[in-house]
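Chains as they are written, first to last, in our numbering: chain A, 1 to 325; chain B, 326 to 855; chain C, 856 to 1166.
What the hints contain is simulated information worked out from the structure, not anything from laboratory work.
Please note: incorrect hints may appear among the correct ones.
[As the list claims (entries may be wrong)] Subject to a maximum C-alpha distance of 16 Å in a straight line, what follows is the list of computed EDC-like cross-link-like pairs (lysine to aspartate or glutamate):
id, chain 1, residue 1, chain 2, residue 2
1, A, 207, B, 703
2, A, 207, B, 610
3, B, 568, B, 361
4, B, 764, B, 682
5, B, 471, B, 453
6, B, 572, B, 539
7, B, 764, B, 805
8, A, 207, B, 671
9, B, 454, B, 477
10, A, 207, B, 461
11, B, 471, B, 461
12, B, 431, B, 377
13, B, 568, B, 377
14, B, 572, B, 361
15, A, 207, B, 682
Residues per chain are reported as follows:
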Amino acid sequence: MLALTAAGIVLAASGAAPLTLASQVIKSTFGSSFGLEDVGLLLTPLILTGLAVSIALKIGAWNIGAEGQFYAGAFAATGIGLFIPGPTVVILPLMFVGGALGGVIWILIPTLAKAYANVSELITTLLLNFVGVLLAYYVATGPWLDPGGHALGTTARVRHEVPEFWGTVHWGFPLAILLTVVVAGLLNFTRWGYEVRIAGSNPQAAKYAGMPFRRHLITVMLLSGAIAGIAGMLEIAGTVHRLQGGISNNFGYLGIMVAVLARGSALGVMAGAALMAVILNSGIILQTQGLNTSTVLAITGLILFFTAIGDELAHYRIVRSEPTA
Amino acid sequence: MNAIPKTSPARPRGTPPVVLLKGICKYFPGVVANQDVDLEVWAGEIHALLGENGAGKSTLMNILTGIYTQDAGEIIIDGYAQSFTSPVEAIAAGIGMVHQHFKLVKAFTVAENIHLGWSETPAKISPEKLESRTAELAASLNLAVKPAAQVEDLSTGEQQRVEILRVLARQARVLILDEPTAVLTPAEARELFRALREFVSRGNAVIFISHKLDEVLEISDRISVLRGGRKVTTEETRNCSQKMLAKLMVGHEIVLNDLRGRGAGAVPISADAVLRLDEVRALDDLGNVALNGVSLDIRAGEILGIAGVAGNGQKELSQVLTGMRPICSGNILVNGHDVGAANAGEFAGFGVGHIPEDRLHSGLAPALSVTDNAVIREYGRAPVSLGRWFRPRAAIALARSIAEAAAVSVPDFTMPVRNLSGGNQQRLVARREMRIADKLLVAAYPSRGLDVGAINTMMRYFVELRDAGVGVILISEELEELLNLSDRIAVMFHGEIMGIVETASTGIEQIGMLMGGQRAAAPRLEPASI
Amino acid sequence: MEIIAGLLQTSILAGGVLALAALGEVLAERVGVVNLGVEGLMALGAITAIATVIATPSPALGFVCALGVGFFVGMIFAGATVVLRANQVLCGLALTLMGTGLAATIGKAYSGMPAPATFAPVAIPYLSDIPLIGRAIFAQNILVYLIYIVLPLVLHLVMFRTRHGLNLRAVGENPAAADAAGIPVQKFRFWYVTAGSSLAAGAGAYLTLAFVPSWSEGVVAGRGWIAVALVIFAGYRPVNAVLAALLFGCITSLGFVGQARNWPIAAPILSMLPYLGTIALIIVPVLAWHRVRRLMAAPASLGEPYYRDVR
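Bound conformation, chain A alone (with noise of 0.2 Å):
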């Protein structure tokens, strides 16, 4: 509450109104389909991402680099895409594999050298989401530029595309939250997954009941990676169809936010993820006013902020006064 209260005073430092502002959203997002078709799009990353995060934190490691799976899972499908050639029902599954595939190569050496030279994987994977957009805008404006030349640093458009399932939103969104209830579901019903909670929670326990805990890090992160990857391919494959270096509008980012607001709950994922999808939509509307979508990560970096502070304090008064035996 107190962070949406200070976004609130940012925007009006800015020079904005922000209760007209406010009511401009609403009504652009909720008043017509078109915006929340616009909503629907943007849920598919970020529901992705966020899942990404959430379940390298479950392990307790921060995957700062979903950025970068997402331009690396983004980078393979699209080369599937444009240059095996069959037909799209052949491909695209096959685009999906390499979308994963892209992610877990990308997330692979900070996860060995998190696993196996305790290096922190928060500033290796941060670093390889340099490499990924540049990546992206290298194949972009180099080998794969297209052909057509119709724009500038852009490949040719993908042919096989994710089919459409409501309006202009494509059937990535169910997939997305299909994915989150398939990883909830192994969190909190498998073996493996109690495992993983135990480990991520306290490692000394997990040493204490004899679980392996590096090989659980190594597959947890590498299946964030792999996650965030498939964010990227359907980004590719569902809504925009062509790599360019901006097609993510941060998502990487806002899914570390997503994550932390989640708390580790699927359901929380998901109402994160819808959360920043309406903020993130509201930035863009907003652009027409003079805003950006810049704003929009500042507002975010306060909310996540206060929620840090917010934590803390919590926590204090609970272990302040701890209930007698």
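With chain A fixed as given, assemble chains B and C onto it according to the hints.
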């Protein structure tokens, strides 16, 4: 006992005590650490503070040194009332403390540690300057240290000397030592005592916190005994004996509640050992030898107590016994099978339960739910798991039955387990482990941080297990507990077993001696055949 | 041969950004606080500097204003992490998002405008006449001298040769010991984190006043993160940090040279070099042998908030 030389010099009449504590009270959530404690320490005396763990000695000293602030009571130094809101003020008033867990920066050299936060350190420093100053200081105070060595590399005895030097350099008039000899060899302890006597002969005072009755009798002029947060008495040392002090420390309940007797249905002690350690050597986390050729055995239906001041290898022993720490040499045999290479999960599979020393650190995942924590041992088998599938409902049912057996009322099984009180957590862990312990239960300091009621419950659990034919290894600092429960007691000192005695035929004095590092005169128990 | 001189010159110039940011982060991490908001602070410093210099053509004022903004924001961050003891990682990430976003918002108006006045090179007499390397090293702008020579030396001397520095390092290694020795742990942490943030913002100012020199969204391009990684690689020592930054400046300028001379490697690939290089270098210290590892080890209490009254 040798007659102690009286060290206090003649004092002009009317000189106030160096330290006077009046009515000190300190409370923590759920625990009374100090209640109405009075203490008087005079110039020229070595004053011992005696008490079991949790009696409030460390808390009292933390208040005197400014780390904690008292909830009630006064601190009067040299006749003037003082209130310390931070360690700096206490240091300025001449109070210096050498803590049980040294406050040294491991990555720094000895010289750097000495000069830390010291107003006399010159503004511009260099390693050579610091080291030569340190050497001078050490010479003048007659304490041998190596100024250029990194603290990380020093033995605990050497580290302690550095701590003492650091405190003395600040012109401390009152030197407080918290369990100093726990980490010293007998020779080093002699050195320390000599230095202390020299110190007080110059008109200073020493407060000596200890567990060890013989040392306290040897070094001190007067003794104050704390128990349960209150002061029981202050006596002149020459009027005291070990027996009398033991009784004061532990209270008169010491011989009541003798739980060693068996009822009619109890399974008798087996002839064969359920678990056996043979000349086991193991290293601690820093790579030093923690267990140095430990041999012991435990039979079904018996309780073996492990006595000794904490830090003599007990933690590593409990880890070796449960597969959490690998051994360097020697054998571990469970029912005759060598299990040296097994991990903790496999040990649990053999039927070895483990109530760890620090339950929040290793035995529980504090942020996870009560249910998740309750099933950590049995999650892999039916009914909680069927094949790969984990069934939350079955898990909750199991958690419920464990909570019921532990008599813990859990309002919400999904809440983080850290929200439960310490006593509830411990009982939960105990019953959880008891379910899988069909051969052996290893309990490390199970009553730490618990109130009397919870402790009694723990005791009853162990008796229950014992009567059912399971072996119990009980590691504890509370002699009372060990004497009440154990059939045999093994005493640990510096990673070795000093002796294993039959409880029925032994007494506190003998155990105290073993704890102090003297080996048992009688030969060790012959190994039972397996 | 001019290539080498040119390379050297550009390396020094490019490395300056990283060096200043890294020095700031060394300060923070040496007292035990990991500040992941460097990227955001750099963005804020960058925009403040360019805005100031466009309004009043004084680069010095721009730089100082950036330092001030960094100081102010640093206090907020320190307040959250040191006083309120909130999770340092989360707060740092939040700061990066806020800083980058805010700077980009304000920066819309200034995008692409070149700085009307920048820090001009100041040639040191005699030294700059040395053939080949003279111009490269000794005819740089004043900030370079500050960052590469003055600041690291001062910081090194303070940290390792003064009583104050001893106490500072103790706070990062073992705050409980420092506290017991009478050192004001929270004060040290608060002010050094703030100072470090100030320097980070200064690095951003350097970017838009001396290196690029103009603003565009994304001008920081992850340099803040590289700086954080550099600190680890440099073993948390000021002089090493600056040398490591120089190394990275080298890698970056290789990229420029490659582009200018139409090497067969595409521009974006060359731009990847700094990031890939950082990852490689961050893994190296772990593989080093024990003695070196000890010298380069992180302050033992890095990342943990300090509570005095903990049972």
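We went through each hint and held it up to the structure:
no. : hint          : result
1   : A:207 / B:703 : holds, 15 Å
2   : A:207 / B:610 : holds, 15 Å
3   : B:568 / B:361 : violated, 26 Å
4   : B:764 / B:682 : violated, 20 Å
5   : B:471 / B:453 : holds, 13 Å
6   : B:572 / B:539 : holds, 14 Å
7   : B:764 / B:805 : violated, 25 Å
8   : A:207 / B:671 : holds, 11 Å
9   : B:454 / B:477 : violated, 21 Å
10  : A:207 / B:461 : violated, 48 Å
11  : B:471 / B:461 : holds, 11 Å
12  : B:431 / B:377 : violated, 29 Å
13  : B:568 / B:377 : holds, 15 Å
14  : B:572 / B:361 : violated, 21 Å
15  : A:207 / B:682 : holds, 15 Å
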